Amino acid sequence: MEATIEVAGLRKRFGRVLALDGMSFTVTPGRVTGFVGPNGAGKSTTMRVIAGLDAPDEGSALVGGRPYRSLRNPLGHLGALLDAGALQPGRTGRDHLLWLAHSQGLTARRVGEVVELVGLGSAARRRAGGYSLGMRQRLGVAAALLGDPPVLMLDEPFNGLDPEGIVWMRGLLRSLAAEGRAVLVSSHLMGELQDTAGHLVVVGRGRVVADTAVEDLIAAASGGRVEVRTAGRPEAMAALASAGATVAATGRDTLVVSGLAAERVVALLTAEAVPFSEVTTYRATLEAAYMDLTRDAVEFRAEAGAFADDARASTGAVAGREAAR
Amino acid sequence: MSTGTDTAAPYRSPLRAGRDGFARLLRAEWTKFRTVRGWVLAMGAAALVTVLLGVLLATGMRTVCSNGPVEIRCPALPTGPGGEAVDDKFYFVYRQLTGDGSITARVTSMAGQIRLPDAVPGVRNVVPGVVPWAKAGVMVKESGEQGSPYAAVMVTGEHGVRMQHDFTHDTAGRPGKVSERSPRWLRLTRTGETLTGYESADGVTWAAVGTVRLAGLPDTVRIGMFAASPGHLTVTQGGISGSSSAMRFAEVTAVFDRVGLEGTAPAGAWSRQDVGVTLGPDGLPHHPGGLVESGGTFTVTGVGDIAPRLGDAVVETPLTGVAIGLIAVIVVAVTFMTAEYRRGLIRTTLLASPRRGRVPAAKAVVIGAAAFAAGLVAAGVTVPLGTRLLREGGTPVLPVSALTELRVIVGCAAMFAATAVFALALGALFRRGVAAVAAAVVMIILPHILATASVLPVDAAQWLLRVTPAAAFAILQSVPEYPQVIHHYAPAAGFYPLAPWAGLAVLCGYAVLALGLAVFLLRRRDA
Chain A
1 MEATIEVAGL RKRFGRVLAL DGMSFTVTPG RVTGFVGPNG AGKSTTMRVI
51 AGLDAPDEGS ALVGGRPYRS LRNPLGHLGA LLDAGALQPG RTGRDHLLWL
101 AHSQGLTARR VGEVVELVGL GSAARRRAGG YSLGMRQRLG VAAALLGDPP
151 VLMLDEPFNG LDPEGIVWMR GLLRSLAAEG RAVLVSSHLM GELQDTAGHL
201 VVVGRGRVVA DTAVEDLIAA ASGGRVEVRT AGRPEAMAAL ASAGATVAAT
251 GRDTLVVSGL AAERVVALLT AEAVPFSEVT TYRATLEAAY MDLTRDAVEF
301 RAEAGAFADD ARASTGAVAG REAAR
Chain B
1 MSTGTDTAAP YRSPLRAGRD GFARLLRAEW TKFRTVRGWV LAMGAAALVT
51 VLLGVLLATG MRTVCSNGPV EIRCPALPTG PGGEAVDDKF YFVYRQLTGD
101 GSITARVTSM AGQIRLPDAV PGVRNVVPGV VPWAKAGVMV KESGEQGSPY
151 AAVMVTGEHG VRMQHDFTHD TAGRPGKVSE RSPRWLRLTR TGETLTGYES
201 ADGVTWAAVG TVRLAGLPDT VRIGMFAASP GHLTVTQGGI SGSSSAMRFA
251 EVTAVFDRVG LEGTAPAGAW SRQDVGVTLG PDGLPHHPGG LVESGGTFTV
301 TGVGDIAPRL GDAVVETPLT GVAIGLIAVI VVAVTFMTAE YRRGLIRTTL
351 LASPRRGRVP AAKAVVIGAA AFAAGLVAAG VTVPLGTRLL REGGTPVLPV
401 SALTELRVIV GCAAMFAATA VFALALGALF RRGVAAVAAA VVMIILPHIL
451 ATASVLPVDA AQWLLRVTPA AAFAILQSVP EYPQVIHHYA PAAGFYPLAP
501 WAGLAVLCGY AVLALGLAVF LLRRRDA
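These protein sequences, in sequence, are chains A and B. The first sequence runs contiguously to residue 325 in full-length UniProt numbering. The second sequence runs contiguously to residue 527 in full-length UniProt numbering.
Don't read these hints as lab results, they were simulated from the structure. No experiment lies behind these values; they were computed from the predicted model shown. Virtual Cβ for every residue (Gly too), placed ideally from N, Cα, C. A portion of the hints provided could be inaccurate.
Which chain B residues stay away from chain A? Per the calculated CB distances, all over 10 Å, these [said to hold, decoys possible]:
| no. | residue |
| --- | --- |
| 1 | Leu15 |
| 2 | Gly38 |
| 3 | Ser66 |
| 4 | Ala201 |
| 5 | Thr236 |
| 6 | Ser294 |
| 7 | Thr297 |
| 8 | Thr348 |
| 9 | Leu350 |
| 10 | Pro354 |
| 11 | Arg432 |
| 12 | Pro457 |
| 13 | Pro500 |
Okay, the calculated bits of chain A under chain B, using three or more residues with CB under 8 Å as the criterion [unchecked claim]:
| no. | region |
| --- | --- |
| 14 | 51-65 |
| 15 | 142-148 |
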């Protein structure tokens with residue numbers, strides 16, 4: 001069985017709201033795939049469709065090549081954390097895991113293992129009604145890991161975690177991916193996925209806005225720009241412009257250069273004897289890159305009528321933006 | 001940063017998965033049930049409250065009888081050869097018959113008197129008349145003991161000629177009333193253990209009414225003429241305010257002639273016995289029977305009945321708390337389902353079992369089994385303990401066979417189980433605890449209360465107990481209706497319109513239907 005999630009052309013309408021509008025992407029094993037987008041972009045609905053809870057109007061969602069509802073021992077194929085609050089308050093965390101284990105033919109020993117793995121410890125023997133949101137998230141992750149599945153799907157797992165918990169969660173997600181699992185993690189805050197996700201599926205308005213490696217996204221958002229701090233601004237502008245770069249003054253002694261690598265900028269300025277104190281390759285943060293994309297998604301929303309069938313609104317968006325630059 | 005590569009080997013779990021069968025889903029649902037303490041306690045409370053209310057009722061009930069002016073402990077009820085409690089009270093004019101033989105007599109008249117409800121308060125309102133099941137005829141009876149085996153062929157007030165034996169058996173002969181111009185000849189012959197009843201309009205042409213076998217009938221028996229009249233039943237039907245019933249004194253007087261006895265019997269006068277007569281507060285026989293004999297004509301007057309006894313406490317009497325216990329069962333069963341919806345747990349459940357139809361089925365089996373156990377404990381304790389306490393308090397309890405008592409107990413458990421399954425299904429349909437509990441109570445408990453609390457006319461009460469899930473309460477009825485016994489056969493008196501298992505089947509039908517609908521909707525809807 002392949003450790004993948006394949007989503008193709010999902011459409012789903014709730015009354016007058018089009019929640020999914022041609023959602024398509026693939027989650028591959030061995031890396032953490034971030035599933036990001038503003039609230040209401042269709043992340044949770046997509047995950048519910050993948051898990052067979054909601055039926056799409058059109059399209060398909062496959063886990064390891066098969067629809068979830070056709071799976072035997074389903075928790076051995078896909079571990080999902082969809083709603084950490086879905087607990088019976090009067091039942092202990094351990095007993096919650098125990099009934100799930102029994103439903104898959106697993107034993108109490110496996111429950112003990114996952115309780116250790118998520119660091120729930122003695123809290124597992126307390127009633128879940130008294131759990132903090134962070135403890136519920138850990139319990140939810142334990143439930144997702146119960147069947148030791150090759151595919152994991154976690155909806156907003158960072159919600160309610162303290163800083164220590166966030167570090168733990170990042171490490172866990174990375175190690176799960178390193179074991180060869182496919183890991184899909186949704187978030188509405190890109191910063192949470194920094195240093196964790198290797199690949200991103202960015203969604204807006206029910207479809208994929210960008211499907212890209214994190215490195216490519218940052219590079220695209222950075223746009224190959226170089227910042228120069230110099231006392232001789234006019235000379236520097238002249239020298240760089242004559243070498244074919246686009247130069248813009250951003251302050252009394254700062255410039256932004258596009259179209260030249262940092263090494264070429266240093267070489268040119270040195271050759272022309274223009275004094276400079278700093279040459280920096282501008283690197284966008286993941287957050288900034290994401291804001292760029294989702295701002296566009298918001299713009300698309302404002303012009304919904306004009307862009308409803310525009311290919312740019314789909315996976316071609318990043319390529320289109322890069323070409324325009 | 002761990003970005004991984006496309007060449008990374010996909011993860012393989014070392015866990016060994018077993019067979020994905022229904023049994024493990026059952027186990028999961030059982031784990032769900034037993035790990036919420038409130039549910040287990042409430043199910044236990046359902047049993048406990050049933051037992052406690054039963055014990056409370058049984059210890060609170062005291063019955064004393066009087067023998068003349070003296071208050072005594074009530075005597076044990078006479079029981080017939082079938083083990084059931086019987087009325088065995090009649091006036092008997094008889095001889096000892098040894099070996100085979102027969103008796104023949106002609107009945108020329110049946111008359112009597114009936115006490116009606118007082119028209120003027122405190123003044124006895126007695127009118128001439130014969131109640132429908134007043135009976136007079138010829139009989140062979142094993143002994144003078146109440147409840148001993150017998151066979152008789154007789155004329156009745158309004159049900160024509162009958163052949164009856166051993167209290168519960170009744171065979172119809174020719175219909176019609178007896179009069180001077182239209183007399184009935186009756187004949188009863190004994191051959192070993194076989195008794196055959198005949199009737200004739202003219203004493204020439206005879207027709208057999210029935211043949212019965214009285215196993216173990218001794219060589220010497222009593223043979224003779226008898227008369228008996230059950231009381232007159234008045235049911236007061238008060239519009240919406242339900243009904244009440246009263247049984248009043250009635251006696252019958254039958255005239256026999258052309259009496260012929262064949263076989264080995266002592267000569268001389270006929271013996272007489274006022275079988276089962278009781279003494280009034282004045283120490284004299286209360287409503288005694290009698291015989292006037294003149295020139296071969298026997299005028300026999302009798303009061304009482306020869307029939308299965310009804311109207312006393314029964315083994316299900318202590319089960320009065322069942323309705324309250326069922327409310328607890330309903331609450332647990334509904335919550336077992338609606339808790340899934342209240343906090344979105346249903347999605348986790350469906351992740352673990354994507355084949356959706358199995359989920360309500362597994363939950364139904366688990367809650368049904370838990371409720372069955374609670375019902376079995378409730379009835380298994382309440383029935384034996386309650387009837388013992390009733391009898392200790394002097395209240396006679398109509399005895400039933402061990403098999404019938406077992407049916408009441410197991411049937412009660414089955415009713416608990418079916419109620420739980422129905423309530424669970426309503427929980428799945430409504431997805432709201434309060435609405436589902438209300439619906440279940442309105443459909444199962446309320447009709448039963450309305451029908452048995454004498455607030456509805458009998459017809460309406462019987463209709464409710466046919467069409468609503470409350471019909472299941474019929475499974476608790478231990479003593480059946482007898483067509484040959486006039487009684488207030490109303491739900492308020494513990495008589496249900498449907499047979500025990502048919503009543504239970506109504507509730508089961510509702511449960512299966514609701515569960516099927518729940519499965520259908522769960523399959524169709526998004527979770």
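Verification of the hints:
1. Leu15: violated (5 Å)
2. Gly38: violated (6 Å)
3. Ser66: holds (58 Å)
4. Ala201: holds (78 Å)
5. Thr236: holds (52 Å)
6. Ser294: Holds: least Cβ distance 86 Å, greater than 10 Å.
7. Thr297: Since the minimum Cβ distance to chain A is about 84 Å, Thr297(B) lies beyond 10 Å and the statement holds.
8. Thr348: Given that some Cβ of chain A is not farther than 10 Å from that of Thr348(B), nearest at about 5 Å, it is violated.
9. Leu350: At roughly 6 Å from the nearest Cβ of chain A, Leu350(B) sits no farther out than 10 Å, so the non-interface label is violated.
10. Pro354: Its Cβ does come within 10 Å of chain A, the nearest being 4 Å, so this is violated.
11. Arg432: Given a closest Cβ separation of 17 Å, the condition holds.
12. Pro457: holds (46 Å)
13. Pro500: With a cut-off of 10 Å, Pro500(B) remains clear of chain A, as the shortest Cβ separation is near 37 Å.
14. 51-65: n = 5 at 8 Å, threshold three: holds.
15. 142-148: holds (count 3)
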